[in-house]
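**Student:** Starting from the known structure of chain A, arrange chain B on it as the hints suggest.
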Amino acid sequence: MIYSLAIFAPLAGALVSGLLGKTIGDRAAMAASVLGMLVAAVCGPLAFFRLTSGHEEATAFFIADWLQSGHLHVSWALRYDTLSAAMVGMVSFVAMLIHVYSIGYMSHDATRWRFFSYLSLFTFAMLMLVTADNLLQLFFGWEGVGLCSYLLIGYWYDRPSACAAAMKAFIVNRVADLPFAVGLALIYLTFGSIEFDTIFPSAFRHVNDHYHLFGAELRSMEVIGFLLFIGAMGKSAQLFLHVWLPDAMEGPTPVSALIHAATMVTAGVFLMARMSPVMEYAPYALGFVTIVGASTALFAATVGCVQNDIKRVIAYSTCSQLGYMFVAAGVGAYQASVFHLITHAFFKALLFMAAGSVIHAMSDEQDIRKMGGLGKLIPITCAVMWIGNLALAGIPPLAGSYSKDAIISAAYAAHSTPGTYAFVCTVLAAGLTAFYSWRLLFMTFHGNSRADHHVLSHVHESPWVMVGPLCVLALGALFAGWLGHNAFIGEGQKEFWEDAIFNAQWNHAIENLEHVPAWVEHIPLVVALAGIGLAYYMYMVNKLLPIKLAERFGGVYRFLLNKWYFDELYDAIFVRPLICASRVLWRTGDTAIIDGIPNGLAALTTGSSRQIVKLQTGSLAIYAFAMLIGVVSLIGLFMICR
Amino acid sequence: MNAVNNVMGFPLLSLITWLPMAGVLILLTIRGDEKTVATNARWTALWTSLIVMVISLIIWVRFDRADAGFQFVEDVPWLAHYKVGYKMGVDGISVLFVLLSTVLTPLCILASWESIQTKVREFMISFLILETMMVGMFCALDFVVFYMFFEAVLIPMYLIIGIWGGPRRVYAAVKFFLFTLTGSVLMLLALLAMWLHAGTTDIPTLMHTSFPPGMQKWLFLAFFASFAVKVPMWPMHTWLPDAHVEAPTAGSVILAGVLLKMGAYGFARFSIPMLPDASAYFAPFIFTLSVVAVIYTSLVALAQEDMKKLIAYSSVAHMGVVTIGLFTFNEEGIQGGLFMMLSHGVVSAALFLIVGVIYDRIHTREIARYGGLADRMPCYAFAFMLFAMASVGLPGTAGFVGEFLVIVGAFKVNFWLAMLGGAGMILGAAYTLYLYRRVMFGRITRDDLRGIMDLSAREWAVFAPLIVLTMWMGVYPSSFTGFWDASVAAMVKQHTAALAESVKLAGVLH
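These protein sequence lines are chains A and B, in that order.
Taking the working numbering, I'd label the letters of the first sequence as residues 1 to 642.
Taking the working numbering, I'd label the letters of the second sequence as residues 643 to 1152.
With the rest of the complex left out, here is chain A (with noise of 0.2 Å):
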C-alpha cells in the first residue's frame, strides 16, 4: 500500500501542522510536514517504478462509498495506472523539494505552521485530483487545489493586493468550474456513470449520442468536450481565462513554483490526458484545444517579453507552455502533453524557486531592472537558473528539447488547420521565449549592477537548504528529458502507458512524430538561438535599443506591457456591470419595489384611518348637521327619481 501512503502522508502532515501547530510550535509542524512529504516522495515514485517495471498491475484501490442518489454512484478510489502513477511520482517528489526549499525561504515567517500546513494540504488535494477514479473525485481535488491555492495566494493577508490576488483566483476558477460540473452531468446522463471504467470502455458505443442544445442536435461527445475544456482553461489558466495567474505571483515564491507552475496549473491538461477516451472521440473540441493552446502559447509569451517584475515573467512563460501542452493534447498527442507536463515540472519549479533564491538575495526586490550583475554573487542560483533556461529554450540535450520539440513537431504532423496555426504558433513562440528568458538572465544576472550599494551589500548565496533542492531541480532539468523520452513518447510508449491513455486507431499522432520533415525538427532550434541572439544584442550590446523601441512603437509597447487589457476589459464588461446591478437591485428592486407595495399598502390603512378618524369631531352640532344634509338629500332624491 505504499501508493496509498504516498497520498494520505501529506494529509496527516497538513492536519498535524494545522491543528497543532500552535500548540507544537513551528518547528515541530514544519517537521511533521516535511515528514510527511518525505514518505510521500519515497514512495510517489517507488510506486511509479514498480507498476512501469511490471511488479505491479494497473489496478484501483477502493477507500470507501461517497454518495449514492437514484443510479449515481460515487466512490472514493485511487487509480493506479502510469498515467495517475507518473503525476503522483512527479507532484510528490517536487512538492517535497519545495517544502525543503520554503524550510529556508519562509525561516523569517511568523506562522509558518500555517504556511506548511496549506502546503501539505494542497499536495494531498494534488494528489486525490490526479489518483481519482471517477470525475467527482477528480472535481474534489479539482476544487480543493483551488481552494489552497487561494489560501496560499492570500498568505500574506495583510496585504490588500495579495487578497485581491487570492480572490480573482478563485472566482475566475469558478467561472470554469460551472462548465465543467455541468459537463459531468451530460457525462452522467450519457453514460449513466461518472466512474472511468464505466465511461472508457462504454465511450465508442455513444458515439452518435446527441444533446439537444442551442436549438441544434450537437453530438453530446463535442460538448462534453467542449465543457470539460472550458473547465481545464480556467484552472490551467488559457487565453481569456488566465487572468488570475500572474497576479498570482502575489503569493510566496515556493507557492508559485509548486501551484503555479509545476503542479496545480497542469491539471487541465491532466484531465484532458485522463479523459482522452472521451476527447478521441469530439474533433470539433479538440480543434478548439489546439487553437486556444496555440493563442495562448504566443499571447503569453508576447506579454513575457517587456514584463519587469521577475516572477511574473516566468508567470507568463508557465502560460505560454501551458498553450503547448494544450496543442499537444489538442492534435491527440496527449502522451506528449504529459511528457512536456513533466519535464516542465521540473525546469518551472527550478525557475521559480531560483528566482525567489534572487529575490531573496536582493531583499525582496523583484523588478528586474534594479538588477544586474548578480552572477557573481550568487554564482549557483545563476547556474541553476542558466540550466532552467536553457531547458525552458529547448536547447538540446536539456530536457525541454524533448517534449517541446515533440509538440511542434505533432503539430505540424497533424496537418490540420489547427494542427498548421498552432505549428506556426508555437515556432513564433518559441523564439519568444528564448528572448524573454535570455532578456531576464542578462538583466539580472550579467551587465553592470543597477541595484543601490545598500542592497548589493547584503546580496549573498542562499543557505544549503534552499540551494540542494535547485541542485536536484536542475539536475532533472538537465536529464529528465533524455531518461524519459523513449518511454513517455518514443518506441516504448505502447507499453509504457498500456491503456492509461487512449488513442483512437485513426489517429497516429505519436508515430507520426518521428516522420516530420527535418526542416521542421530544426526550426525550434533555429528560433531559439535566434532568440537568444537577440536577447544579447539588445540587453548586453546595444543597451539603448529597447528604450529607442519602446518609444518608436509606444502602442505596441504598453498594449504589451499593460497584458492587452484584459484586465481592464474584463472590469469594463463584468466586474463593473455586475457591482452596478447589485446596487440597482438592492436599492431599486428590494427596497423600493418589493418592499414597497407592503410597506404602501400599511401606510395606505393607517393614512386612511388618520382620515376618517378626523370625522368622528363629537360635536353634536356637527353630526346634526350632516344628519340633515343627508335626509334633505336623500327626500331630494326620492323626489326626482319619482
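In case anyone wonders, no lab produced these hints; they're calculated from the structure.
Any given hint could turn out to be false.
Derived DMTMM-like pairs: lysine to aspartate or glutamate, alpha-carbon spacing no greater than 25 Å straight-line [to be verified]:
| # | chain 1 | residue 1 | chain 2 | residue 2 |
| --- | --- | --- | --- | --- |
| 1 | A | K494 | A | D197 |
| 2 | A | K22 | B | D1096 |
| 3 | A | K22 | B | D1017 |
| 4 | A | K494 | A | E514 |
| 5 | B | K1054 | B | E1143 |
| 6 | A | K370 | A | E551 |
| 7 | B | K1054 | A | E217 |
| 8 | B | K1054 | A | D65 |
| 9 | A | K22 | B | D1090 |
| 10 | A | K22 | A | D109 |
| 11 | A | K376 | A | D309 |
| 12 | A | K548 | A | D309 |
| 13 | A | K22 | A | D158 |
| 14 | A | K494 | A | E57 |
| 15 | B | K1054 | A | E195 |
| 16 | B | K859 | B | E793 |
| 17 | B | K1054 | A | D209 |
| 18 | B | K1054 | A | D197 |
| 19 | B | K1054 | A | E222 |
| 20 | B | K1054 | B | D1127 |
| 21 | A | K376 | A | E365 |
| 22 | B | K859 | B | E1143 |
| 23 | B | K1135 | B | D709 |
Derived contacts from chain A toward chain B, CB cut-off under 10 Å, selection only [stated by the list, open to error]:
| # | residue |
| --- | --- |
| 24 | G18 |
| 25 | A64 |
| 26 | L67 |
| 27 | S69 |
| 28 | H71 |
| 29 | W76 |
| 30 | Q137 |
| 31 | W142 |
| 32 | G146 |
| 33 | A166 |
| 34 | L585 |
| 35 | D595 |
| 36 | P598 |
So these bits of chain A aren't anywhere near chain B, every CB distance computed over 10 Å [said to hold, decoys possible]:
| # | residue |
| --- | --- |
| 37 | M1 |
| 38 | A28 |
| 39 | T59 |
| 40 | H108 |
The beta carbon of each residue, even a glycine, is placed where N, CA and C say it ideally should be.
**Tutor:** Chain B in isolation, oriented as in the chain A frame:
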C-alpha cells in the same frame, strides 16, 4: 395506519415533541432573584434540550432505511366525527429535519448563554415552545395537526424577534408575522377544500388521493402562497433580511436552520405528492422564480454592508437551488434539494453563529467596522473559513453534495436550468469570499479589535458539532441520503405514475 410500524410500541415522537413543554413547566416554577432565575433558566433549558436531543437520536438508530413508508406512527382519535386525528410519524423525508431541529436547539441555547441578559427565563420558555412546534410540524401526519404546528411556530419566533431583537425589532417582527400569515390563510382554504373532497385530513391518505387536475391548480396556488413565503422564494423574500438582522443570534440560527426548511418541506410533503399534475404544470414557473432568486439575491448579497443581511440573502439564493431540485421530479434533483436543505440548515446556522461571536464582542454587524481579525482569532478564522467554504459548496463539505445533485437533476430537465441554477457557484464564491476578506483579512486598524478574544470553550462546544457535521455530510453523505433513498424513489415513482395516469385519462376524454 398500522401501529406495528411503531417499533418501540411507545409514543417516541410525541415524547420528543412535548418534552420541551415539560421544561417550560419547570422554568415557570423557578423562583428567586433575577440572577438565580437566569442561571437556573439557562441550565434547565439546556438540559431539557439535551435530553430531547439524546432521545431523538434513538430515531437515528432505529429508523428502518429500507422502508419508504411512515415509521414510529402514533394514531390517536381526536375529532373522530370529522375524521381528524392526532397522528404522528416520520418517513425518510421528514426524519432528518426532526433531528436537525433537536440538534440545533441546544446549540442555540448555548449560543445565547451570555448574549441574552434580559428576561432570560422568558427567552428560554419561548425557545422550548419553539422546539415543540418545530418538531411537531415535521412529525405531524394529519393536516390539521400540521397546520396548527405550522402556524404556531410563528408565535414564539415573533416574540423572540420582537422582544430580544435589535433596534427595528418591532417592524421586523410584524413584517415577519404578516408576510407568513397572509400566505397561510390561503393554505387553510386549501386544507378545507381537500378535506371536503377527500373526507379526511390524514396525510398518507391524501398522498394517495387523486384530485381533479383543475382543482389541483387552485390548491397548488394556495399552497404556493404559503410555502413560497416561508422558503422564501423571490419576490416574497424581503421579510427575511429584516427578520435576520433584528433577531438575536439564536433566533437567526433557528430561522435559517429550521424555519426556512418548512416551506420547502411543505412542497415536498404536500404539493409534489398530492398535486402531481399541478406541480408538473407549474414547474417552469417555479424554476423561473428560483433562477431569478439565485442570481438576483446573490447579486444583492454582493452589495450588502451588514453581515447578517448578507448571509440572509445568501440563504434565499441557496433555497432557490433547493426549489429547483425539488421540482425536477427526478431522484437526483429531489435528493439534492433535500440534502441542500439539510446542509443549509447546518451551514447557514453556523454562519449566523459565526457572526454572533464577533457581534457579542464588538456589538456591530457592519462589515466595514471589522478587518484583520484573522491575526487575533486564528481558531475563529479557521471555523469561519470552513463554513464559508461549505456555503460556497466546496467538495468535501456539506454544501457540495446538494448543489451537485441539484445540477445533475436540473440538467436532466434542461441545460440552461443547470447552468443558471448553478450560477450560484460563481456568485456565491464572490460574495462569501468578499465578506471573508473584509472581515478577516487586511490589517487591524481599530483599537477595540486589537484586544479581541479568540473562541472561548463554550463557543468551541457550539461549533465543534457543526464542524463535524459539515465535514461528515461532505465526505460520507451516504449516512444521510440513506434515510431518504427509499422514500424519494417511491415519491418519484408515484409522481411518474400519476402523470402517466392523467395523460391516459386525457386521452380517453378526447
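**Student:** Hint by hint, where does the structure go against what was stated? Just the numbers, ascending.
**Tutor:** none
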